[in-house]
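**Q** Mind docking these for me? Both chains are given alone in their own frames, and the hints should help you get the complex.
Here's the letter readout for the chains.
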Amino acid sequence: MKTFPLAGITVADFTWIGAGSYTTKILADFGADVIKIESAERLDTLRDAKPFQGGVRGVNRSGYFADRNSSKRSVTLNMKTAEGRALARRLIEGSDVVANNFTPGTMEKFGLGYEAVREFKPDVVYISMSMHGQTGPEAKYLGYGLTMGAVTGLHHLCGRSDQEPAGTGTNFPDHVPNPAHAAFAIMAALRHRRRTGQGQFIDVAQIEPTIALLGPVVLDYTANARVAGRVGNQHIAAAPHGVYPARGDDRWVAISAPDDTAWWALLQVLEEPALAADTRFADAAARWQHRDALDAALAQSTARHDALELAQRLQQRGVAAAPVQDAQDVLLRDPQLQARGHWVYLDHPEMGRTVYNALPFRFSRTACAPHRPAPLLGQHTDEVLKEKLALADDEIAALRQQGALT
Amino acid sequence: MTAPEPSTPGPLEGIRVLDLTQGSEQYCGKLFAQLGADVLLVEPTGGCTNRREGPFLGDRAHPEHSLAFAYFNQGKRGMALDLDQREGQDVFRALARQCDLVIEAERPGQMRERGLGADSLLREQPALITTSITPFGQDGPYAQYEGGDLVALAFGGLLSLGGYPGLPPTAPYGNQAVLAAAQFAAVASLIAVWEAEAQPEPRRGQQVDVSIQESVTMALENAVQFVELENTVRKRNGGQQRQGGTGVFACEDGMVYLMAGGVASNKFWNTTAQWLIDVGAPGAAQLREPRWTDSSFLQSNEAKQIFAGIFLPYAATQTKAQLYAEGQRRRIPICPVSTTADLLQNRQLAFRNFFEQTPHPYSGATLTVPGAPYRLQATPWRLGRPAPRLGEHTVDVLSGLGYDTQQQAVLLRQGVIA
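Protein chains in written order, with the numbering used here: chain W, -15 to 390; chain G, 936 to 1353.
Heads up, some of the hints might be wrong.
Quick list of the computed label-pair ranges, beta carbon to beta carbon [said to hold, decoys possible]:
no., chain 1, residue 1, chain 2, residue 2, range
1, G, Gln1045, W, Thr245, 14 to 20 Å
2, W, Asp366, G, Pro1135, 48 to 54 Å
3, G, Gly1052, W, Glu371, 52 to 58 Å
4, W, Ala268, G, Ser1298, 25 to 31 Å
PhoX-like, lysine-lysine: derived pairs with alpha carbons at most 20 Å apart [claimed, not checked]:
no., chain 1, residue 1, chain 2, residue 2
5, W, Lys124, G, Lys1239
6, G, Lys1239, W, Lys105
7, W, Lys93, W, Lys64
8, G, Lys1170, W, Lys34
9, G, Lys1239, G, Lys1202
These are calculated hints, taken from the structure and not from any lab test. No residue lacks a Cβ here, since even glycine has one placed at the ideal position from N, Cα and C.
Looking at chain G on its own, in the form it has when it is part of the complex (with noise of 0.2 Å):
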């Protein structure tokens, strides 16, 4: 395998997009962007939603210290506009005139509202794809309800499956509905563009109308054919083993995550015991008893306590990453229950230099990031310029677009740019 030369162009050099995305839904505009895309963030003139959102940067909470807002826009260009005013709508439309994609994530209507819907996007500029990121779709009775990811994940049936039984359900942590969307619009939309690029001239784009809550039901597993085809509900089981071997055991240091059952199995039954047996663990001659091959005994209350009564001592006296790495030599998959401090000593994430380093200009400070969720060989991820500070680059967009100073300190003076 030959490295690619530094200046290899990335894999989606060329596609020019308009992200008008305030919250997590800009991942969608950050993966295009260090993929090699032009992103430019339109944002309003008083900053993006998530500017105003923690964690904060020294916890001094200041739109230019939203850590989520600086991870969200790595690699995008941004400009601050006023959709809401006529001059702040002609900017938008000259700018959608030149771009091959424009994400957004307002209330289903209000870019129609402002002259911006796709159909006049699309007379304008006819091979344009328009993503669309809204809570439950264009259409449909739900349409114009109020969204957040808790509900999101609410209609979505997620939520029904996280937490312990007998206490309310508890949602994932982190977004991650609306992230789901977002990386599902990612997909789409690149899907689109490929499509409408493989077209002979005069070529035509499309919408794509991505729904939050659909993407959210893409992640219930198997939970909605156990309804269709066994009549079962699904129900949270948090704070317990799933069956005898399989769940979350404090040890030394914290906790690691054991699965001898493996996928609905017991797999790698024989081979946990015979860890248990070796290192001495007293009671664990019991796991090679024929009762623990039976899934409806690992199933039972009795086989969670006496693995538990075995394992646990055990797993007091070592720590998450000796356990790891035992447990792994011989093939048990058992690993640790990460806090964000193990990630950044990970020593697989290590040696794939996975996290990266970024400048934050505001504040002098280099932020340690995830790097490339995926490698690819010949036109490699790049982490790209730090987010933009707002309204950073509007004077050269509006330059580009051929607005001359004195037309620039028209806007600026109406509140139209910032």
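Just chain W, with the same shape it has in the complex (with noise of 0.2 Å):
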């Protein structure tokens, strides 16, 4: 039986919605014991966000939730009371991490801001993930992670010149550069503490990853006085580079051939001589000249393609080409997933056997993987009372009986 890296590290978990929780799910997926304290006072917004199982709202139904909040533990304390925050003082007290993605201020309003809690928890590593960070003229300015998208710059370069922004389509920024950056400095910070014994607090400003990934467009507006535009799928300099018609409805495939071995591999598997013998197709400089009516020519003969088909008989000549895969191919149809066992499924109480993404790494010696499904709200409230802070039955009534545990 393989190990988690991280057992015996404990967190407490204020997270919530999608950056916040995306972060924790990386640290319990390894192991780590991640307590969520919530609220049906204050529900987690993703417990009310579709899709739900079989279209049934419900907050323990919730699919989007349950990806974000996989192999962690609910606790409900109701955070207005005093015996609610004196709970959360005391789960705090036995945590190496406490971790909340609030706008500025809510922490310390429930008394449990970075300033208090080192002078209970000196050695405590403190994570605050706040959209633009805890200090400056716009700290509490509210957003989410489609207009985080818009303000770093993303949304404004995905897309075609001739539209308006597309963006990703999604909350791009939640999904992977805020929880993987979070989840970097929260391990660093913990490596620190255990060669020197020091915590601290960190502050990231959600919109701030974003921007650091786009570190080489920037560069060329602070060094070259450009402001870039939209390219639409035309990111380098070659061509066919690009995204094609495929047979069937709304099906394409993506293809890239940008030197001669690959347009000549590409020329034969679409059987198209004509093409080859177009003297403004002769060599890469003339292709990319020529791109727009070469595009134009391909995607006549890709149409009659099926995309899964036609790409991997091109990835067979060392064509780097993918059929645009949605949702529903990668979950059911995509045979390297399956390979790889990316799909987890485990069995939720409420929903049954449902699908988590794995890590999307594989470690050879340790464990990382989804290993308990996405708890019920408040699921573990007795039994993390009961473990972790030493509490009778008749005390955990006397809470409940006092509203400290909704």
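**A** Rendered as structure tokens:
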């Protein structure tokens, strides 16, 4: 049996919605004991977000929530009550990491801001992931992944130059840049703590990691004074490189054949001798110059082929190609993801056997995978209060009666 | 909060990293370097692939002018070494014996063919972590397929969500698939190092196998769950409001993103309506009608058209910055659709001193670059040295391994180093 590398690490997890919850999912899937502290009084919005199992709404039925909260335990504490706040404080005392993604000031209202927590837990690793950071003129501005994508410049750069920006079609910063950067920062701080005994505060402004990823295009402005616009799929100066129609309704194939070898292989697979003879496409420079005509000619040809079949035949000839897979293809029809065990099915008490993303890598010796389904709201309240705080049944009953555990 | 001493070591101090990657995978090593790890970029003697990719400083297509290379390798040292020659492989093995983490992005099997596979490196340095970043991972039916950002986005599913109905799907800008894998590789690598460091001697390392395709699937939001739970396949929806009041709107000097609906609700509807009434936008009063609280109406084209008809004329008289400030003052999620130029004007980023300046020694220029993506109060992120010129530290590294001047000259003449 493989062991989990983060076994023994406890996280008092106040995160909710997107980026915060995906950060602590990473730690949980690596075996950290992530205790999600939530409340029916202030429900994690994702518990009420589509899709729901069987289309039936319910706080324990959202697949969006579930995927972001695998391997965690849920405790409900009413932070509007003194008892609820006291319990949260005691859970923090027994934790290595405190995580939240509230607007600045919220944890302070609970009496659980970093300055307060370090008084009773000096070596805590405490991460706050607000949208704009802890200080500054816009620190309290509102936003979501979509607006964040717009503030950072990513949205403006995605799409066609003849249309308004399309963005990624998702709340992109929530899913990759912010969880990955935050988890990396937490691990760095944990390492420092293990070596020195020193804890610390980590301030993640959620707009900043995405801007960091755009470094080269930012530099094109700061160094070359060029304000980049949208380029569709033409991200490299080579042709053909793009997305072409395939047989069927709204099916597409991505092909990149930037050099002569790939180009000739492409024409052989497509059986297009006329294109091979066309002097406009004789060499890489000519193909780049006549790329619009080239794309139009290729589109006529690719439209006769099944996307997956064509991509596989091209790949066998060493041409970079892929069917544009939708979520159904990715989940049900991708032999690679299946062979890799990317999709993990777990038995959820209310949703039944449902799917989770494994983390996108495999370790040869230690474990890393979702190993418990997302928790029901408050599913582990009693368990955690007994195990972590040594509370007895009657004490828990009294707290429940006082309204501290909702 | 007290500021740390300038000499405070980074939190990853003491971790020695060899980075063999040649494109945006280099972001992984950059994250390590800027938190204090010692990262050595090992380039082919002709230089990394991304030295030949733009944008170029001053638009000069030159291997020392690639801005992507300069950005993704800040904080690292660099040497040039031919891993396809036996002597180069010897040098590499000697380096790997002294390090904690190797990050590579070669085709699966390539390192083994060179005698540098994870198994053999681990035999010589049992505590080593080897991290591989490849399009599809080390195994499976597609493992030997050609990758690239566009292909990974297509196979991973994110490409299907980008773009406009009726037009071909469009990919996210800027190598986001490869960068996603680089970020996840950094997290995985650090956790692997953490685990190895916690062991009593003799410590054991392991192999970390990162898939770019799988990294892309992490970004599918709720699309996979929509298939599984509601039997619905999400489609791309760019170029239109997601629902009435949510989407991109033109204004006087560009565009703003308004999200009057919040996440799948109409949380900010009343405040948005009040804003437009207060500024006297013609027709705004009707936004108070009860039908605007009905989500099926909000989804309709009628709702989108009416809202646009009321908001756009007002927005046309206001700048991005004005709409941002006024909307946020009213606690409405609105923001500019920033261009790269806007980022340098963003007062929040300016307040946080987000942008940093670094010399570019080859040209003598000073570059302004995005800075810390996180603030670790006790052990700060540091910009670090400028990206290495090709072979800048080759001699230092070889000398450190005990190669004398004569031996180095032989390696140079044979083209093993540069």
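**Q** Take the hints in turn and mark each one as holding or not.
**A** Here's how the hints hold up against the structure:
no.: 1; hint: G:Gln1045 / W:Thr245: 14 to 20 Å; verdict: holds, 18 Å
no.: 2; hint: W:Asp366 / G:Pro1135: 48 to 54 Å; verdict: violated, 37 Å
no.: 3; hint: G:Gly1052 / W:Glu371: 52 to 58 Å; verdict: violated, 44 Å
no.: 4; hint: W:Ala268 / G:Ser1298: 25 to 31 Å; verdict: holds, 28 Å
no.: 5; hint: W:Lys124 / G:Lys1239; verdict: violated, 29 Å
no.: 6; hint: G:Lys1239 / W:Lys105; verdict: violated, 51 Å
no.: 7; hint: W:Lys93 / W:Lys64; verdict: holds, 10 Å
no.: 8; hint: G:Lys1170 / W:Lys34; verdict: holds, 15 Å
no.: 9; hint: G:Lys1239 / G:Lys1202; verdict: holds, 17 Å
Against the hints set out earlier in the document, violations occur for numbers 2, 3, 5 and 6.
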